[in-house]
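2 protein chains.
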Amino acid sequence: MRIGELASRAGVSVRSVRYYEEQGLLTSTRSPSGQRHYTDSEVERVAFIQRMYTAGLSSRTIVELMPCIDSPSEETSDAALERMALERERLSAHIADLLRTRDTLDALMATARAHQHRMRSAGADSDWQPPASCRPQPLSAADRSGRSDGQGVRTPW
Amino acid sequence: MRIGELASRAGVSVRSVRYYEEQGLLTSTRSPSGQRHYTDSEVERVAFIQRMYTAGLSSRTIVELMPCIDSPSEETSDAALERMALERERLSAHIADLLRTRDTLDALMATARAHQHRMRSAGADSDWQPPASCRPQPLSAADRSGRSDGQGVRTPW
DNA sequence: CTTGCCTCTGACGTCGATGTCAGGTTTTAG
DNA sequence: CTAAAACCTGACATCGACGTCAGAGGCAAG
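Chains P and W, in that order, are what the protein sequence lines are. Just so you know, the first sequence maps onto residues 1 to 157 in the working numbering. Just so you know, the second sequence maps onto residues 1 to 157 in the working numbering.
By construction, these hints were calculated from the structure, which means they are not laboratory data. Computed from a prediction, not measured in an experiment: that's the story for all the values here. Heads up, some of the hints might be wrong.
[To be verified] Partial chain P-side listing against chain W, Cβ under 7 Å, derived:
| no. | residue |
| --- | --- |
| 1 | Met-1 |
| 2 | Ala-55 |
| 3 | Ser-59 |
| 4 | Leu-81 |
| 5 | Arg-88 |
| 6 | Arg-90 |
| 7 | Leu-91 |
| 8 | Ile-95 |
| 9 | Leu-98 |
| 10 | Arg-102 |
| 11 | Leu-105 |
| 12 | Met-109 |
| 13 | Ala-112 |
[Claimed, not checked] Here are a few chain W residues that face chain P, going by a calculated C-beta distance under 8 Å:
| no. | residue |
| --- | --- |
| 14 | Met-1 |
| 15 | Met-84 |
| 16 | Leu-99 |
| 17 | Ala-112 |
Ideal Cβ placement from N, Cα and C applies to all residues, glycine included.
Can you make the complete structure from the sequences, with help from the hints?
Here's what the structure looks like:
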């Protein structure tokens, strides 16, 4: 397939695909006229690259990880594994940070909802309904660590 | 305290503190000579702002959330709560993405380690020790969702 | 052959949080 | 008092992953 189809299948822009190649993350076979052609497997690769980017890795980092992916031979393992472990650690730290931040948001929303309720039971407009965003959050199924207070605490961050 | 102390206590640069004020995230009382002065509570506020930034929120978004934080009255709640719920959703999605990415990294590392082991049992240098990064990962205590395969699968992403 | 769509290279623009530098004032330590 | 250190404003620089535009060529359908 050509670059446009690859891009739309992987859900990125054509520009991004060219950029990935420019960064050494992707290769392409060229038609005699110079147009890039790709196989189906490149779609997943591009999606993978995109996920790495959104995970906060830089081009340089992804490049350093790629040899471990392209040819998991004894050549690549040593340095690349080190980097992968390091990035894994960074990822875990970042995840923990985001979880804490989400907890903070939850606490803030809880206090705000408490305010709404106080308003509601004291106000004259008793037919008022809280917006959808105010109803108890489903807490996203997976990964919870505990914490469900945030009860009237001042500056809950 | 003055800006330098605030910055170092909150673990950010002086430049950043001024930037936060410029963005309307922070206020300061000025001494007659024009120098900024802060109270202890501002330290936590700056740290909070920083956490929001590292969580991927933009200045504009944080600003929109701030009224809900500064004065949780009935004025602020409606629009701000909507935004908080929205940002919470974005956060959850991002967290899920990062977890998936970390799983991918784990799978990649597992295959790499498998390679190392094959090398080790077949190679001549039997006294070789895998680097620290190759030993089984502690999986970071909290939040696991399952997945511990990655056994020789080709292109595990 | 022409028309419309896709692709190419190359370059410059962008955006957001910060770094950094200049030139000047204020505070602090000796 | 004086020198060092911290602070001020204002401005320009940076970096990374793209957007976007220009100008030229490729390719299938009518």
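Hints versus structure:
1. Met-1: Since the shortest Cβ distance to chain W is 18 Å, the answer is violated.
2. Ala-55: The hint holds - Ala-55(P) has a Cβ within 7 Å of chain W, the shortest such distance being about 4 Å.
3. Ser-59: violated (16 Å)
4. Leu-81: holds (5 Å)
5. Arg-88: holds (5 Å)
6. Arg-90: violated (10 Å)
7. Leu-91: Status holds, d = 5 Å.
8. Ile-95: holds (5 Å)
9. Leu-98: Status holds, d = 5 Å.
10. Arg-102: Interface hint status for Arg-102(P): holds (5 Å vs cutoff 7 Å).
11. Leu-105: At 5 Å from the nearest chain W Cβ, Leu-105(P) passes the 7 Å test, so the hint holds.
12. Met-109: Hint on Met-109(P): holds, closest Cβ of chain W at ~5 Å, below 7 Å.
13. Ala-112: holds (5 Å)
14. Met-1: Where the cut-off is 8 Å and the nearest Cβ of chain P is about 18 Å from Met-1(W), the hint is violated.
15. Met-84: holds (5 Å)
16. Leu-99: holds (7 Å)
17. Ala-112: At about 5 Å, which falls below the 8 Å cut-off, the nearest Cβ of chain P leaves the hint on Ala-112(W) intact, so it holds.
When held up to the earlier numbered hints, the structure conflicts with 1, 3, 6 and 14 and fits the remainder.
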